[in-house]
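Chains as they are written, first to last, in the working numbering: chain A, 1 to 250; chain B, 1 to 267.
If you're looking for bench data, these hints aren't it; they were derived computationally from the structure. Some hints here could point you the wrong way.
Under the rule of at most 25 Å between Cα atoms (straight-line distance), these lysine-lysine pairs were calculated in the PhoX-like manner [said to hold, decoys possible]:
1) B:Lys64 - A:Lys83
2) A:Lys165 - B:Lys64
3) B:Lys133 - B:Lys185
4) B:Lys185 - B:Lys240
5) B:Lys82 - B:Lys133
6) B:Lys195 - B:Lys185
Keep in mind it's a predicted model, so treat the numbers as computed, not measured.
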Amino acid sequence: MYLFGYKLPGMSSLLVWGALWELIGRLDLTFFVPPLSKVIATLFSIIGTPAFLSALGDTAYAFVMGVLFAVVIGVPVGILMGKNRLLDELLLPWVNIFLSAPLTALVPVLMVLFGFGVTTIIITTTLFAIWIIILNSRAGVMQMNRSLIEMAHCFGASPLEAFTKIYFWAALPEILGGIRIGVIRAVKGVIIGQLLVSIVGFGALFELYSSNFLMSHFWAVLVVLFALAFTISELLAWLERRVAFYAAKR
Amino acid sequence: MPQTKKKPVHLQEAQAADNVVSVRNVSKSYGDVEALRNLTLDFPRGQLTSLLGPSGCGKTTLLKIIAGLIEADSGEVLVDGKTVTGPGPDRSFVFQDFALLPWATVLRNVAFGLELRGVARAEREDTARRFIKDVGLAGFENSYPHELSGGMRQRVGLARALSVDADVILMDEPFSAVDEQTRRKFQEDLLSLVKNESKTFIFVTHSIEEAVYVSDQIAILLPRPSRVSEIIRPGSFRQKSVENIRRDSEYLDIVDRIWASLRSYVE
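Can you build the whole structure from these sequences, using the hints too?
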């Protein structure tokens with residue numbers, strides 16, 4: 001963005017919105033919106049507390065495990081669906097249904113099945129992330145050059161070799177794209193899971209702060225979560241650009 | 001045999017028994033479309049045979065049946081007397097669109113056939129380097145396919161097919177995706193390759209000039225239903241140097257004659 005001929009650094013427009021927030025907060029229109037400066041001050045005061053750190057730890061653990069399961073299951077399933085017509089016919093309707101389904105509504109069922117603990121949150125995270133990873137891996141295999149498959153067949157590749165040496169690499173740019181979107185959805189999954197279970201991690205903090213009307217604490221945690229989710233997504237986009245260097249050239 | 005087989009004009013009665021590949025009464029349909037009907041054809045050892053015909057005459061289908069990539073509905077293909085049931089180490093393939101791994105270097109691409117056969121890394125890379133040099137790509141071992149021109153990419157495909165040391169090299173319109181000048185150079189190189197390597201080449205093309213230029217034997221395939229209409233064996237100009245072939249009167253005659261028999265099938 002340019003202003004009076006000067007190039008502004010990325011996201012400088014956030015300053016305008018930050019100023020607006022501060023203004024509304026100072027006007028004391030509602031207790032619900034404290035000034036941004038107060039929120040940031042609270043943020044630094046709670047960021048080192050054991051409650052916050054343990055919430056962060058619990059969330060990170062559930063998030064990493066959830067994404068890990070989504071990738072380890074989603075990528076092979078997606079590739080196999082792209083390869084195998086029968087499997088595709090069997091699974092595709094379910095993948096599409098779950099992709100668009102309001103998964104939040106499933107969390108209470110998961111709580112009944114898996115208890116009010118970290119297992120439920122991991123499963124929720126996986127459920128949020130996995131479908132787009134499957135769909136993208138499948139799309140990556142379906143768009144790949146058919147003659148690469150014939151080539152592998154011709155030179156005597158076993159099915160496992162074809163999988164690890166051809167299909168995976170040919171679909172890698174799409175797989176990474178799917179994982180990036182999946183991870184963004186996983187951030188939603190882990191937070192929604194925690195909010196509904198509400199005795200673990202940030203969910204417990206949210207519950208505590210909002211029921212005690214500690215609005216600046218509430219906003220501080222929210223800002224941290226938004227910043228974390230955004231950073232993770234940008235990091236993956238950067239990684240994707242680096243690995244997909246050949247995608248445009250195949 | 002139901003197919004019409006006119007008498008070949010330039011038939012050199014040569015080693016009739018030594019056919020490395022024999023196609024016996026092969027038929028193949030895709031749904032209602034008959035790609036091949038009861039096709040029989042022999043490929044003499046150490047020679048280059050072209051499959052020439054208008055588009056839709058089933059020449060690529062025939063090549064892929066020989067490769068073992070497509071299964072015939074009936075009939076059989078014999079390679080060295082053994083029935084083909086799938087791809088095998090006795091045949092390798094050069095693809096029209098090169099079929100290179102975009103994420104791998106030239107060296108790994110050329111060595112890929114050997115990699116799939118479980119040859120140790122040092123050994124397969126030695127072999128690959130030798131063939132990269134043979135096809136004129138020395139110095140490009142660590143380049144990626146997208147850094148090469150179309151002609152160079154097909155040289156990589158050719159080096160890969162040669163490095164697995166198969167008896168039969170199947171080529172599916174290998175020069176159709178490269179420019180005219182590169183194609184001419186390729187054709188000259190192919191002639192010396194046939195001369196120097198004791199391999200059998202089966203070459204699919206839709207270019208009449210190309211087929212006559214490079215082939216020891218040309219099988220003309222006609223569509224609807226697909227069959228071998230004629231087998232032509234160019235004679236005298238095979239021994240001439242590469243520069244003189246295109247001016248040879250027999251070369252020109254054969255080109256004209258093939259065009260005369262194909263023109264009614266080109267819409």
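Status of the hints after comparison with the structure:
no. : hint                : in the structure
1   : B:Lys64 - A:Lys83   : holds, 20 Å
2   : A:Lys165 - B:Lys64  : holds, 23 Å
3   : B:Lys133 - B:Lys185 : holds, 16 Å
4   : B:Lys185 - B:Lys240 : holds, 16 Å
5   : B:Lys82 - B:Lys133  : violated, 33 Å
6   : B:Lys195 - B:Lys185 : holds, 16 Å
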